[in-house]
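Participant: Given next are the chains, with one letter for each unit.
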Amino acid sequence: MVKDALIQAGMNIGWATFIDLLLGVIVAASFGMVWVLLGIWIERKWAGRFQNRIGPNRVGPYGSIQSVADALKLLTKEVIIPRNADRPVYFLAPVLVVASVILIAAVIPFSPVVIGTDLSIGILYVMAVSSIGAIGIMMAGWGSNNKYALLGAFRVVAQLISYEVPTVLSAMIPVMIAGTLSMQGLVHGQHVWFIVSAPVAAVLFFIASQAELGRAPFDLLEAESELVAGFNIEYSGMAFAMFYLAEFMHSFFVAILFSVLFLGGWRGPGAEQIPFLGIVYLFIKSILVYFVSVWLRLTVPRVRIDQLLNLNWKFLVPLAMIYVIFMAFVLKIAPVPDLSGAQAIAAGPYEGVASGIYRLLGPDFVATLPQAGVLLLANVLFVVVAAAVLREVSRRRRMRVEDLVDETDYSGAGGAGGYTPADHSETAAAR
Amino acid sequence: MNLNEWAFVGIFLAIAGILPAVPILLGWLLGPRKPNPIKTDTYECGIETVGDTWVQFKVQYYIFALVFVIFDVEMLFLFPWAVAYQRLDLFAFVAMTIFILLLTIDLFILWRKGALEWT
Amino acid sequence: MELTIEVVVFAVFAIITLAGALGVVLARNLFRAALLLLVSLFGVAGLFVLLAAPFLAAVQVLLYMGGIAILIIFGVMLTRGMVQARQVMNSQWDLAAVIALVTFVILMIVIVQVAQGEGAPLPSLPRGDVAADSIAQLGAALVDPAQYVLPFEVASVLLAGALIGAVYIAREDEAE
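Residue numbers (this note's numbering), protein chains in the order written: chain A, 1 to 431; chain B, 1 to 119; chain C, 1 to 176.
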């Protein structure tokens, strides 16, 4: 639209394209920044209610512009540069961390027509730019020249790269069903929400992405009691605020990503006809996911680093790998149905109940329903078997521990084999 | 391929760098600047920091990074397969199953050897 | 050569790649050298995009920048006393220079041959649009018995072997 207007106004096509792109970029990129001002307030209000407080209530109606006041305050704070800091690295770190999050916004499909750019490698692009954040955190730890900051950075990076594996593996299931990496393609392929066809993948993705965010119960990066505050301890003023901003923005973007991958993105009644409705649907879904994430954050305590890594490498990763094989097998039994028949019936003249149902609920949805049902059943089966295996494994381990207890002379010679390592490694976990 | 899509990403890259840099710069310009030796000291426990910051770290970090890189390669092989999966035959399923199972077994071997312990 | 936007962008990414690589070699601080390596790798990712191979660009960023670079940084942190190099040149610089030069000459010969099409080992590639479903084609080719299924499975064995071997070596170091 802008491009055509500019060309008509007599502008060079190249420049018109550039300005058109630039405007799109600015809108998409600042979306995250603007959202954060509102999002932080919402989250603080929720946190307040969860903890039987009121939350921010001074600035503006119901404290709604508290974040703006905070931002202004942070602008006037001194940016303290530690004497021993590696300055270029120290200042590039927050920029890189925020940039890696903002870049996700480029491919978010807000509605059938509103999307920054629908790259052919969409979801892979999201994974790729998110992985850059780890480097930013590493730079923050190094640049600060502080032992705790570096230690915190090491921990975070170990956590981030570990949980990237189950995140990507579980995101592969929607890709497999939809047969595309493009974000719009993933939404278009979701005639029945993927949370129905692949609930295990949805749960895996949710858990792993919470760890990717570094939020409770996986907030080891800001373990105040152990690491002072983690990798950002030497940062102050606006430089610190950037890390804060990146975290909030990332947590909402991950909620959006979950909605796009598993909750049908902008899909909903009438979204194809009225694009604006799509934006509304996506926001409602994302806020619901975001609420669950905040709920989790405010309810559960922090895990230890050995527990964190055990959960990932000994549970999530093997489970995700076997699940990928399992889903591939099930998809061979129940392939994605051909929708042209149902579409033809719905488009044709009214004949009996079948075409009535097709028209009411949409031909694609109804025609995909049987396949989704099979996938759902298969998933239930998978969960039952996995739970049985887990129960058996933990029963054996328990028996081994009990045997061991019988054999020892109770003199407190701890550290004998047979216990799970998680039981006696608190002291070793620190470094 | 439409390079315009990527021009968007390219411009986005620049803007994504500028957006966080501007507030930091503004904060640096607007905020007070009164450094003193105590303030710019390394923030630790109140006592001056002892020794080098770059102490030797656990080898375990390196091992986990190593395991991650291997699995990263595996996942990147999986993606093209996942995209094409709907139109592939049963042989493709078997080929990929062998591929994934080998690495799963590998993971279990490492587990048994104790390489995945955080001790 | 016509100065199109494509050429300019190519030049930018080429300069980023080369400057990053030069920085890696010249930096005295190993951590900064690792960061400059990232810059260089990023430049290569940009070149992949220009070659209409976005999947490879994503691989470059995800694997090399997000994985291997982190591995290198962890490696740097493990080596005590290596963080601050005392001199830029080590004792084997002359040998390294010879090898680098020979590699460069061989690469140049190959590139020039391919580019001029004279006795070219590769057919000259058509300049034009790459198929939209190139990723799916890649996926199909990987598990096609007529194409790459054997190398693909061998890659899996290689990965498995590399993993176990590397972990063994790393843990031996720890025991010392």
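Some hints could be false.
[Claimed, not checked] Dumping the calculated DSSO-like pairs for lysine-lysine here, alpha-carbon to alpha-carbon at most 27 Å:
#1 A:K73 / A:K45
#2 A:K77 / A:K45
#3 B:K58 / A:K73
#4 B:K113 / A:K314
#5 B:K34 / B:K113
#6 B:K113 / A:K73
[Claimed, not checked] Across the chosen pairs, the derived CB separations fall in these ranges:
#7 C:V157 / A:G352: 35 to 41 Å
#8 B:R87 / C:N29: 29 to 35 Å
#9 A:L390 / C:A155: 29 to 35 Å
#10 A:P349 / C:V157: 57 to 63 Å
#11 A:E402 / C:N29: 50 to 56 Å
#12 C:I5 / A:F329: 46 to 52 Å
#13 A:L390 / B:R87: 44 to 50 Å
In short, the hints are calculated from the structure, not lab data. These numbers come from a predicted model, not from an experiment. Every residue, glycine too, gets a C-beta built ideally from N, C-alpha and C.
Participant: Work down the list of hints and note, for each, if the structure agrees.
Facilitator: To see whether the hints hold, each was checked on the structure:
Between A:K73 and A:K45 the alpha-carbon distance is near 20 Å, which keeps this suggested pair within the 27 Å criterion. Distance hint between A:K77 and A:K45 is fulfilled; the C-alpha atoms sit about 25 Å from each other, no more than 27 Å. Proximity of B:K58 to A:K73 is assessed by CA-CA distance (about 40 Å); at most 27 Å being required, the pair is judged violated. With a C-alpha separation of about 13 Å, the suggested pair B:K113 and A:K314 falls inside the 27 Å cut-off, and the hint holds.
Straight-line distance between C-alpha atoms of B:K34 and B:K113 comes to about 55 Å, which puts the hinted pair past the 27 Å bound. Restraint check: the Cα-Cα separation between B:K113 and A:K73 comes to about 53 Å, which exceeds 27 Å; the hinted pair is violated. Distance hint for C:V157 and A:G352: a CB-CB separation of about 57 Å, inconsistent with the stated range 35 to 41 Å. Range check, B:R87 to C:N29: Cβ separation about 51 Å, and the 29 to 35 Å hint is violated.
Between A:L390 and C:A155, the C-beta spacing of about 31 Å keeps the proposed range 29 to 35 Å intact. For A:P349 and C:V157, the hinted distance range of 57 to 63 Å is satisfied, since their beta carbons lie about 59 Å from each other. Between A:E402 and C:N29 the CB atoms are about 54 Å apart, so this pair conforms to the stated range of 50 to 56 Å. Checking the proposed 46 to 52 Å range against C:I5 and A:F329 shows it holds: the Cβ atoms sit about 47 Å from each other.
Restraint check, A:L390 to B:R87: a C-beta distance of roughly 35 Å breaks the suggested window 44 to 50 Å.
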